[in-house]
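Asker: So you can see what is in the structure, the chains are spelled out below.
Number of protein chains: 2
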Amino acid sequence: MTSSNSLHVRIADPFWSPYIQLVKNIVLPYQWDALNDSIKGAEPSHAIRNFRIAAGEEHGEFGGMVFQDSDVYKWLEAVGFMLQAEPDMELEQVADDVIELLEKAQRPDGYLNTYFTLKEPDGRWTNLAECHELYCAGHLFEAGVAYYQSTGKRKLLDICCRYADYIDTVFGSEPGKLQGYDGHQEIELALMKLYEATGEMRYLRLSQFFLDERGKQPGFYGQEFVKRGKKVHFPELDIVHDLKYSQAHLPVRQQDTAVGHAVRAVYMCTGMAHVAAVTQDEGLIEACRKLWSNMVRKQMYITGAIGAMAYGESFTIDYDLPNDTIYGETCASIGLIFFAKRMLDLEPRSEYADVLERALYNAVLSGMARDGKHFFYVNPLEVYPKAIQINPKYAHVKLQRQPWFGCSCCPPNIARLIASLNHYVYSQRDTILYTHLYIGSEANVVLGEQHVTVVQSSDYTTDGCVRFRVQTEKASAAFTLALRLPEWSNRMDYRVNGVRYEPDMIRDGYGFITRDWQNGDTIDLQFDMTVRRVKGHPLIRQTAGQIALQRGPFIYCVEEADNGKELHLFQLQGDNTCKVEYDSNLLGGVYKIMAPAKRVEVPLEEEYLYFNDAQWKLHPVQSTFIPYYAWGNRGAGEMRVWVKEG
Amino acid sequence: MTSSNSLHVRIADPFWSPYIQLVKNIVLPYQWDALNDSIKGAEPSHAIRNFRIAAGEEHGEFGGMVFQDSDVYKWLEAVGFMLQAEPDMELEQVADDVIELLEKAQRPDGYLNTYFTLKEPDGRWTNLAECHELYCAGHLFEAGVAYYQSTGKRKLLDICCRYADYIDTVFGSEPGKLQGYDGHQEIELALMKLYEATGEMRYLRLSQFFLDERGKQPGFYGQEFVKRGKKVHFPELDIVHDLKYSQAHLPVRQQDTAVGHAVRAVYMCTGMAHVAAVTQDEGLIEACRKLWSNMVRKQMYITGAIGAMAYGESFTIDYDLPNDTIYGETCASIGLIFFAKRMLDLEPRSEYADVLERALYNAVLSGMARDGKHFFYVNPLEVYPKAIQINPKYAHVKLQRQPWFGCSCCPPNIARLIASLNHYVYSQRDTILYTHLYIGSEANVVLGEQHVTVVQSSDYTTDGCVRFRVQTEKASAAFTLALRLPEWSNRMDYRVNGVRYEPDMIRDGYGFITRDWQNGDTIDLQFDMTVRRVKGHPLIRQTAGQIALQRGPFIYCVEEADNGKELHLFQLQGDNTCKVEYDSNLLGGVYKIMAPAKRVEVPLEEEYLYFNDAQWKLHPVQSTFIPYYAWGNRGAGEMRVWVKEG
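Going down the list, the protein sequences come from chains A and B.
Mapping to this note's numbering: the first sequence position 406 is 399, numbers consecutive.
Mapping to this note's numbering: the second sequence position 296 is 289, numbers consecutive.
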């Protein structure tokens, strides 16, 4: 059973709407300039130019990475999402022009990839392990579906189908076809979107094929490696032989532990969960649950970041979560959100939405500055600037967000996620409307036999109040609202039309209210916004003896700008009351937490480095916490999420 | 004022004598086989063969590293020290043969370096920054002095002097001479030894020249780099431009912070302190004190390890002492001992001996297994095997000691230190005999006008008892015994001839007893062997909230073999009494500490990774600590020095 397509959501939210406007007004135009090599001081992208050359409109050589095409596709996809939210004739015209260009660049057989067309015309499908050929195709398909669904225009979708049809003639279990799969998962999830947009079963089957082929031994990478004369594209990595890096070490149904490159892992899981939701394939469902469980119960940071090490941008081992040398790529947390969304489609359980929300409000949001022009790829939970500056074990960690064009994967990924945020608020199963995220919005949906509008007005991020207002076509409508009880809220008060109400049922973390709803009915929810003192699982070495503060969906952190240097000297008491205060002058307006703390007094004498039976003096101090996502906006300074328990 | 040469010490100590025998019976023969490429399975050293080729006794090409000669020199030096302790005709004959070979390999002008002679005959003195030419010369000089002082044979010393005289014609501030210095300090300290052995002032001046030249700008490395056509020997490093790496960023007198490659830094300081002690050069003395102070008060691990990062095997910044990604090279702690010894010669203050002892009993001793055939280069204070195995940030960390021939710097360095340990026990200033280390031994020394023998019998490492017995030539002898009060001992009880005695003076950490000593007089010392709970300076982020245990000179650690996995779950109470117990079956016999502790109970349910307001259950357990130096001898397992304070 899959979610219905009748659901349409428009976001109007005090917290999120400014971000959506930022993506529309700043990020997308900025990215367009980048794709056209017109940002001064930035390395040229070559991306649009590659397509112009492939289309015969310009002479020249391919430029950029082997996967450069995908930047154009991700931009187009974000535009597609954005046009759904708000028409924009000018933007749509730019997109239409790009689509025309793609059409011209597409080969007569449907193939579309500027790297191989321009640089290695005889090299098609010879290096799947390293060259992102199907990965790029996948991003094209995602763009095609988004653009079609928002504008109704089929041209890009047709380009996609021609390409997908061609790929279907190349890959498959039939004799004479290639039994391979891409080194970077993406096409699996994209084919599922294409299948849903077109109803074409071959796309579903092709997605299943790629998933089922993955990890069979002897491995495909090794075979094609020998066949192409052992040429290597990325000599600094060992993608061909390090099978765990791209989760090709085991058939996907046998995988139960998140390993390797985190983005690849979550993209793969997203495809698996989508296939599983559509096919109800028990083996695949079970593998999804196991991988999910390992990922979020043993290898996820409190911010929703994943990928504990820089090497291979990878998972490491259970309960190993270093806060300072973490990779925690923004894209990986975005992929975790994709995975969570597909798991919600498979089985609506609040734990998926809890993780989705955790990653969204913390690790992902941390990835972009409020100016829309600066980005983190790596999202650490602890920075000590002087150590980061001298020790190359921190080479991947930046103290401040970088201009987005330095590398192009995370910024457009944030853009397309925020542009499509309306897809994550609700899902529908028959006559149940599930609310996963409390984001101000208007949802139009067919429930039972009529169109219903659910208007959500949310002060979720500030005081935990959310109001739903139901508008029915007829006088009343019988359906169920399933309202997620966030993991972080100890209680949830429901009022229907102002009167306290106990939900009719609580199941899988959702409170169910089933009624014959009258036009204008309201539900008010109040969550518990008390500041939470969170501890990590005892097996996490790196959080032992420490506390993190959380309020609502936000994980908090301490920064040097508010608390001075040497943040490790702070100790938080377990029993003191925190004060929460809105500061309109701070970081564009945030709720800060003022927590009574103690600070170890640093001995003035510098005679000794080690002390016998010392009892340090502790000074009572006020510590100030800000939401984690807002860190690193006030110059390079210390930051930490986990603070010692006093 | 320098220490007298009348002092001769022979060690006979229950703790150290077995190590000295190990070096004599196992390490030196083993190393000799290695130098002669006759150890099966080991990469050939080429070292002796290089000399044979250079001597015209064999045909072939140079093999090994650019500094391969130094392995032979370090071995010869250790043999020299060992022959001082105990005659060995066979060993001496082998050494004499090698010395003859060196004589044949030496060029007519005195030059001696097989790499340049065989491989780059026109390349002499063209790449001081990278090619260790003067470094190798320095190790030759150290060997020559040690061999001369133990055997009285001059042949090797003469080879050294010819080479030193030649170097003196090449380098210097006079016009036409090279104004340069070596990229790896060593010749500075070695020339000082050669100066003291020969009385030749030119060697002192040449050492001063190299020290004073270092760090002048514009830098020498850059000049010779351009002159040789910008050829680079170690392309993976940037020795020519990264001046801090070899402490060439500032004139040595202006340096006040330990930076760069730790071994280079301490070798440089050793040379500086030796020159300073001889010349009483105030500027140099002050620089030595500042570098010492920064090194041991802000950048030294509790084990006496130095060098907090793998990159460049280097110091990082003040109070930055990660226990898991530490470099902590055995050679660096040995160099710290050299430096401490020279500072003691400069000014006898117990803090130098305290650090010397700390490094010796912990970081250095950890470097060698009791079989004399396995070694650590890196001495971590915390290992978590599963993380080390997967994350390349730990690539330099080994869980078990490696066969010594894997790389050849640390093993012969340990060998020559242990073989010369008798040089570190005492020093003499006029009629004061300073005791720096409590190691069972017999010291013969001229004090005042007669030969005096001081026999030290020590149970220092086991129960903190030390007895001195004075033997005089005449009926009595007037002199002062200055006895170090170790930093770790809260008190020190003195008894002279069995009667409680207050020292006549306590100065700079030494108790002075001045008497007209009668033949047979005894002094008994009793140190406080109570287990100490040590804390790191509050500014050390990596020890915050943790305790280390120390007993006598030994730092302790917990290992998985005694305590099970997940050692971070242990919490030590501050007020409980530890039990100390000798276990003859454990690690060749050690005193273990049984400390009452609590262990966090790991929740059985694996539903969550983060917990709201959790209070973990604590179980009382017995924790077992072993001396740090003995870690890693029972298979790959967890270990940590710092344990949470409960």
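Incorrect hints may appear among the rest.
The calculated lysine to aspartate or glutamate pairs, modelled on EDC-like cross-linking and capped at a C-alpha distance of 16 angstroms, are [what the hints assert, rightly or not]:
#1 A:Lys591 to A:Asp514
#2 A:Lys97 to A:Glu167
#3 A:Lys148 to A:Asp90
#4 B:Lys379 to A:Asp151
#5 B:Lys637 to B:Glu375
#6 B:Lys637 to A:Asp606
#7 B:Lys220 to B:Asp311
#8 A:Lys283 to A:Glu340
#9 A:Lys283 to A:Asp235
#10 B:Lys291 to A:Glu599
#11 B:Lys291 to A:Glu598
#12 B:Lys379 to A:Glu599
#13 A:Lys558 to B:Asp311
#14 A:Lys283 to B:Glu375
#15 A:Lys379 to A:Glu559
#16 A:Lys467 to A:Asp497
#17 A:Lys291 to B:Glu598
#18 A:Lys291 to B:Glu600
#19 A:Lys379 to B:Asp311
Some, not all, of what chain B presents toward chain A, calculated at C-beta under 10 angstroms [unchecked claim]:
#20 Gln292
#21 Ala303
#22 Arg525
#23 Lys528
#24 Gln564
#25 Gln566
#26 Gly581
Hints were generated in silico from the structure; no laboratory data involved.
C-beta: ideal position from N, C-alpha, C; glycine also.
Asker: Please go over all the hints and tell whether each is borne out by the structure.
Answerer: Tested hints:
1. For the hint linking Lys591 (chain A) to Asp514 (chain A), the alpha-carbon distance of about 49 angstroms lies beyond 16 angstroms, and the restraint is violated.
2. For a cut-off of 16 angstroms, the pair hint linking Lys97 (chain A) to Glu167 (chain A) is broken: about 31 angstroms separates their Cα positions.
3. Between Lys148 (chain A) and Asp90 (chain A), the direct Cα distance comes to roughly 11 angstroms. Compliance with the 16 angstroms bound is thereby established for this hinted pair.
4. At most 16 angstroms may separate the alpha-carbon atoms for a hinted pair to count; Lys379 (chain B) and Asp151 (chain A) exceed this at roughly 50 angstroms.
5. For the proposed pair Lys637 (chain B) and Glu375 (chain B), the alpha carbon gap of about 13 angstroms is at most 16 angstroms, so the pair holds.
6. Restraint check for Lys637 (chain B) and Asp606 (chain A): satisfied, since their Cα atoms lie roughly 14 angstroms apart, inside the 16 angstroms limit.
7. At most 16 angstroms may separate the alpha-carbon atoms for a hinted pair to count; Lys220 (chain B) and Asp311 (chain B) exceed this at roughly 37 angstroms.
8. A threshold of 16 angstroms between alpha carbons decides the hint, and for Lys283 (chain A) with Glu340 (chain A) the separation of about 14 angstroms falls inside it, so the pair holds.
9. Taking the CA atoms of Lys283 (chain A) and Asp235 (chain A), the gap is about 22 angstroms. The hint is violated against a cut of 16 angstroms.
10. Distance restraint check for Lys291 (chain B) and Glu599 (chain A): the Cα-Cα separation of roughly 8 angstroms lies within the 16 angstroms cut-off, and the hinted pair is therefore satisfied.
11. The straight-line distance between the Cα atoms of Lys291 (chain B) and Glu598 (chain A) is roughly 12 angstroms, inside the 16 angstroms bound, and the hint therefore holds.
12. Distance restraint check for Lys379 (chain B) and Glu599 (chain A): the Cα-Cα separation of roughly 37 angstroms exceeds the 16 angstroms cut-off, and the hinted pair is therefore not satisfied.
13. Restraint check for Lys558 (chain A) and Asp311 (chain B): satisfied, since their Cα atoms lie roughly 14 angstroms apart, inside the 16 angstroms limit.
14. Taking the CA atoms of Lys283 (chain A) and Glu375 (chain B), the gap is near 31 angstroms; set against the 16 angstroms cutoff, the hint is violated.
15. For the hint pairing Lys379 (chain A) with Glu559 (chain A), the CA-to-CA distance comes to about 11 angstroms; that is within 16 angstroms, so the pair holds.
16. Restraint check for Lys467 (chain A) and Asp497 (chain A): the C-alpha separation of about 24 angstroms exceeds 16 angstroms, so the hint is violated.
17. With a C-alpha separation of about 12 angstroms, the suggested pairing of Lys291 (chain A) with Glu598 (chain B) holds against the 16 angstroms cut-off.
18. Between Lys291 (chain A) and Glu600 (chain B) the CA atoms are separated by roughly 10 angstroms; this keeps the pair inside 16 angstroms, and the hint holds.
19. Proposed proximity of Lys379 (chain A) and Asp311 (chain B) is supported: the alpha carbons are some 9 angstroms apart, at most 16 angstroms.
20. Of the supplied interface hints, the one on Gln292 (chain B) holds, with its beta-carbon coming within about 9 angstroms of a beta-carbon of chain A, less than 10 angstroms.
21. Below 10 angstroms, beta-carbon pairs count as interface contacts, and Ala303 (chain B) has one with chain A at about 7 angstroms; its hint therefore holds.
22. Interface hint at Arg525 (chain B): satisfied, since its Cβ lies 5 angstroms from the closest Cβ of chain A, which is below the 10 angstroms cut-off.
23. Taking 10 angstroms as the C-beta cut-off, the interface hint given for Lys528 (chain B) holds, the closest approach to chain A being about 5 angstroms.
24. Below 10 angstroms, beta-carbon pairs count as interface contacts, and Gln564 (chain B) has one with chain A at about 8 angstroms; its hint therefore holds.
25. Taking 10 angstroms as the C-beta cut-off, the interface hint given for Gln566 (chain B) is violated, the closest approach to chain A being about 13 angstroms.
26. The interface hint given for Gly581 (chain B) is violated, since its Cβ lies 27 angstroms from the closest Cβ of chain A, which is over the 10 angstroms cut-off.
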